[in-house]
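As you go down the protein sequences, you meet chains E and D in turn. Take any residue in the first sequence, note its place counting from 1, add 173, and you have its number in the numbering used here. Take any residue in the second sequence, note its place counting from 1, add 173, and you have its number in the numbering used here.
Derived by calculation from the structure, the hints in this document are not laboratory data. If you're wondering where the values come from, they're calculated on a predicted model, not measured in any experiment. Even for Gly, the Cβ is constructed at its ideal location relative to N, Cα and C. Some hints here could point you the wrong way.
[What the hints assert, rightly or not] Among chain D residues calculated to face chain E with C-beta under 10 Å, some are:
(1) 236
(2) 240
(3) 241
(4) 248
(5) 282
(6) 312
(7) 319
(8) 414
(9) 463
(10) 466
There are 2 protein chains.
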Amino acid sequence: MPIAASVKEIMNNKGSSVIRKMFEEGIALKAKYGEDNVFDFSLGNPDMAPPKEVYQAVQEVAKDENPSRHGYMPNAGYMETREAMAAKINKEQNLQGEGKLCGKNIVMTVGAAGGLTCICKAIISPGDELIVPTPFFAEYRHYCGHFGGKLVPVKSKKDFSIDVEGIKKALSEKTAAVLINSPNNPSGKIYSEEEIRELAKVLKEHGEKCGRKPYLICDEPYRAITYDGKKVASAFPLYNESMVVTSFAKNLSLPGERIGFVAVNPKAEDADELVAAIIFANRTLGYVNSPAFFQKVVAKCWDAKVDYSTYQNRCKMITKVVANAGIEFVQPEGAFYLFCKAPLPQKEENKKYILKNDDGEYCDEFAFCDHMKKYNVLCAPGSGFGCPGYYRMAFCVSEKTISGCEESLKKAKETW
Amino acid sequence: MPIAASVKEIMNNKGSSVIRKMFEEGIALKAKYGEDNVFDFSLGNPDMAPPKEVYQAVQEVAKDENPSRHGYMPNAGYMETREAMAAKINKEQNLQGEGKLCGKNIVMTVGAAGGLTCICKAIISPGDELIVPTPFFAEYRHYCGHFGGKLVPVKSKKDFSIDVEGIKKALSEKTAAVLINSPNNPSGKIYSEEEIRELAKVLKEHGEKCGRKPYLICDEPYRAITYDGKKVASAFPLYNESMVVTSFAKNLSLPGERIGFVAVNPKAEDADELVAAIIFANRTLGYVNSPAFFQKVVAKCWDAKVDYSTYQNRCKMITKVVANAGIEFVQPEGAFYLFCKAPLPQKEENKKYILKNDDGEYCDEFAFCDHMKKYNVLCAPGSGFGCPGYYRMAFCVSEKTISGCEESLKKAKETW
Numbered sequence: 174m175p176i177a178a179s180v181k182e183i184m185n186n187k188g189s190s191v192i193r194k195m196f197e198e199g200i201a202l203k204a205k206y207g208e209d210n211v212f213d214f215s216l217g218n219p220d221m222a223p224p225k226e227v228y229q230a231v232q233e234v235a236k237d238e239n240p241s242r243h244g245y246m247p248n249a250g251y252m253e254t255r256e257a258m259a260a261k262i263n264k265e266q267n268l269q270g271e272g273k274l275c276g277k278n279i280v281m282t283v284g285a286a287g288g289l290t291c292i293c294k295a296i297i298s299p300g301d302e303l304i305v306p307t308p309f310f311a312e313y314r315h316y317c318g319h320f321g322g323k324l325v326p327v328k329s330k331k332d333f334s335i336d337v338e339g340i341k342k343a344l345s346e347k348t349a350a351v352l353i354n355s356p357n358n359p360s361g362k363i364y365s366e367e368e369i370r371e372l373a374k375v376l377k378e379h380g381e382k383c384g385r386k387p388y389l390i391c392d393e394p395y396r397a398i399t400y401d402g403k404k405v406a407s408a409f410p411l412y413n414e415s416m417v418v419t420s421f422a423k424n425l426s427l428p429g430e431r432i433g434f435v436a437v438n439p440k441a442e443d444a445d446e447l448v449a450a451i452i453f454a455n456r457t458l459g460y461v462n463s464p465a466f467f468q469k470v471v472a473k474c475w476d477a478k479v480d481y482s483t484y485q486n487r488c489k490m491i492t493k494v495v496a497n498a499g500i501e502f503v504q505p506e507g508a509f510y511l512f513c514k515a516p517l518p519q520k521e522e523n524k525k526y527i528l529k530n531d532d533g534e535y536c537d538e539f540a541f542c543d544h545m546k547k548y549n550v551l552c553a554p555g556s557g558f559g560c561p562g563y564y565r566m567a568f569c570v571s572e573k574t575i576s577g578c579e580e581s582l583k584k585a586k587e588t589w
Numbered sequence: 174m175p176i177a178a179s180v181k182e183i184m185n186n187k188g189s190s191v192i193r194k195m196f197e198e199g200i201a202l203k204a205k206y207g208e209d210n211v212f213d214f215s216l217g218n219p220d221m222a223p224p225k226e227v228y229q230a231v232q233e234v235a236k237d238e239n240p241s242r243h244g245y246m247p248n249a250g251y252m253e254t255r256e257a258m259a260a261k262i263n264k265e266q267n268l269q270g271e272g273k274l275c276g277k278n279i280v281m282t283v284g285a286a287g288g289l290t291c292i293c294k295a296i297i298s299p300g301d302e303l304i305v306p307t308p309f310f311a312e313y314r315h316y317c318g319h320f321g322g323k324l325v326p327v328k329s330k331k332d333f334s335i336d337v338e339g340i341k342k343a344l345s346e347k348t349a350a351v352l353i354n355s356p357n358n359p360s361g362k363i364y365s366e367e368e369i370r371e372l373a374k375v376l377k378e379h380g381e382k383c384g385r386k387p388y389l390i391c392d393e394p395y396r397a398i399t400y401d402g403k404k405v406a407s408a409f410p411l412y413n414e415s416m417v418v419t420s421f422a423k424n425l426s427l428p429g430e431r432i433g434f435v436a437v438n439p440k441a442e443d444a445d446e447l448v449a450a451i452i453f454a455n456r457t458l459g460y461v462n463s464p465a466f467f468q469k470v471v472a473k474c475w476d477a478k479v480d481y482s483t484y485q486n487r488c489k490m491i492t493k494v495v496a497n498a499g500i501e502f503v504q505p506e507g508a509f510y511l512f513c514k515a516p517l518p519q520k521e522e523n524k525k526y527i528l529k530n531d532d533g534e535y536c537d538e539f540a541f542c543d544h545m546k547k548y549n550v551l552c553a554p555g556s557g558f559g560c561p562g563y564y565r566m567a568f569c570v571s572e573k574t575i576s577g578c579e580e581s582l583k584k585a586k587e588t589w
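From just these sequences and the hints, can you work out the full model?
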């Protein structure tokens, strides 16, 4: 057995790597049919250029010929950058007084994904559980699974808001944390302040009763991207044992640069020890530190913004296109994903793809996604996100791709 | 228990994080006594500026305003960069014909440390073993430990060459790989082609007998830094089941940028599956991809070099300084580390630090390193590298630091 058995098993699991596989299939299809004839909604890879402040900052850092510019720094990152990130969080979460963060509450990481992996290493012992409301970002399974943790999905309400009662039932002494992602990938849902408050109350009560306080991890890379004036609730004032993990992948369009951070609520019990454990994980997992160059860049331009109105327009366009094709979807409140219901097949030969669960009949979305591929439309199946029967369309793509896919989508629906 | 018990235990282990802790202590001491009065040999953080080709490449990439410049690419990296790295390995290992690598044998990673962690994830099942000759880079323990692997140190010969018979005895069906680091951190030893050939023979025989072929992992970030015309042997032509992992931390002085890669021998059985497993690990461990910007930079300037003659001069200086202080050491053949024997204490009150093992008496090097700190000399204890009684001096520091420490070192020795 050349590779580890567990890795082989996961690699062969069709749900696990289907999104990334599709990204590579998309590249191949575009090479074959031409960029304009492939409608690739498979990956959350922002197509918008970073804002001009990023380019200015990149130029400035590029000119800095200090010999140590590209050297090691403390594993948590440059203190100047950590202070800037603390200011960002204080502003976003409207923190004041003793609740305010400073640089020592921040660990710079290799993107939000690297931050989440470090958090998992820091808090999860084998057999521990990480609770997530559905739908959830597919990779969470791996981040906790690497360290013997188990992802425990809790089904959300019909409108994809958090089922706090459901989470309460799932809590146990094995619960290391509850992980929420708002705006949500893939549903576009923003959890309300009321939901977070209720969730915090349940977590507090559980912690007092069982002696182990679950952390609340808020994965917020899409915080700045919201529609119709919606605001993302702040967890820090509502629950002490909380962390925010985020990146500059979406709001500064820098996903490939792997720049992100973890912010630990200074009011958390043993906050300093938790930070130390995350830094330890950052070092020993081989990240060592967040890339030096972009730490300097984001310290200069963290408050810049890509033009979110573009995403708002695209959101309007894609909901119209998908509605015109007669496909149901969840109205996005933020992020840049449209979560669609795979339609039940009408053609006799496809009826084998009608499946059943407690909520009734639904369509095998892997089959429908394969069917859409015939029309050069690439979407991500929902099973990986814990929602079979749904699929995700990432609309961080050009307007031309969105409007161009309408006919293909209609045909896919008609021939299904 | 807010953080995982295993993490807490390792964080409290004095050997495990002593080097990094010392790096941060060094920063504090310098703030207190002034940069010139602290002799910090604790960390392998190159002080030499990157070569001019790097600055030129950084400027060029900084000017590239292609909107996708900072976006995601396939998890293995840009194909253009992977092809460049294949060319680098073909040149270094003098590969020809069907043994030659191409881009698909390369995975770009977050430094060599990220590459090693991905390899461990890809090939280690819980209970598997990773054999390393002593001394070894202290972090190897973590890279395999995260996935339930066990590091099995095999004592090297007195001159720190590989004890191939010792490795033969340590091999079992649990052996996932043998990991060698040449030039070695911390001993500066270069393993000869003859040693690698013998090792390869033993690994082949074991693989045929037991049915599981152990990988040979060559960690080579110091390959280009050698003294007196010494050459680093190439493993690929000698053993099919081999990998090279390396970075641009040392030869281009870019450790903070976290840019490295894994090269898989195309002759390895299931080479493509192994590459796929490493890419899977790269994605799911939250690295996602090697930082985009520096992938573009190193594709342009991988063949540039910092001025290695500077390291050669420093090597001459430090060996003289340490010899003058009456301290024994291993003559470095490459890299920028001097591995010294902690002297047996002469003062009555320090005799409690004399310890014993199979080779006879030796000095508790933690105590001697603490003692040197009183004279503002910072060195890394050898226990973390699997060699109690030794300590490491990293000489990637200024000539002034090297010559300046002579008096302090003498005093430390005299008062011991």
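So, going through the hints one by one against the coordinates:
Nearest Cβ of chain E to the Cβ of residue 236/D: about 8 Å, under the 10 Å cut. The hint holds. A distance limit of 10 Å between C-beta atoms decides the matter here; for residue 240/D the minimum to chain E is near 4 Å, and the interface restraint holds. Because the smallest distance between the Cβ of residue 241/D and any Cβ of chain E comes to about 7 Å, under 10 Å, the interface hint for this residue holds. This hint holds: residue 248/D has a C-beta 6 Å from the nearest C-beta of chain E, less than the 10 Å allowed.
Given the 10 Å rule on beta carbons, the hint for residue 282/D holds: about 8 Å separates it from the nearest Cβ of chain E. Look at residue 312/D: its Cβ gets to within about 6 Å of chain E, closer than 10 Å, so that hint holds up. At its closest, the beta carbon of residue 319/D sits 7 Å from a beta carbon of chain E; the interface hint therefore holds under the 10 Å criterion. For residue 414/D, the suggested interface contact is upheld, since its CB lies about 8 Å from the closest CB of chain E, less than 10 Å.
The interface hint given for residue 463/D is met, as the beta carbon of that residue sits about 8 Å from the closest beta carbon of chain E, less than 10 Å. For the restraint placing residue 466/D at the interface with chain E, the shortest Cβ-Cβ distance is roughly 6 Å, inside the 10 Å limit, so the hint holds.
Consistency with the previously given hints is maintained throughout, with no hint failing.
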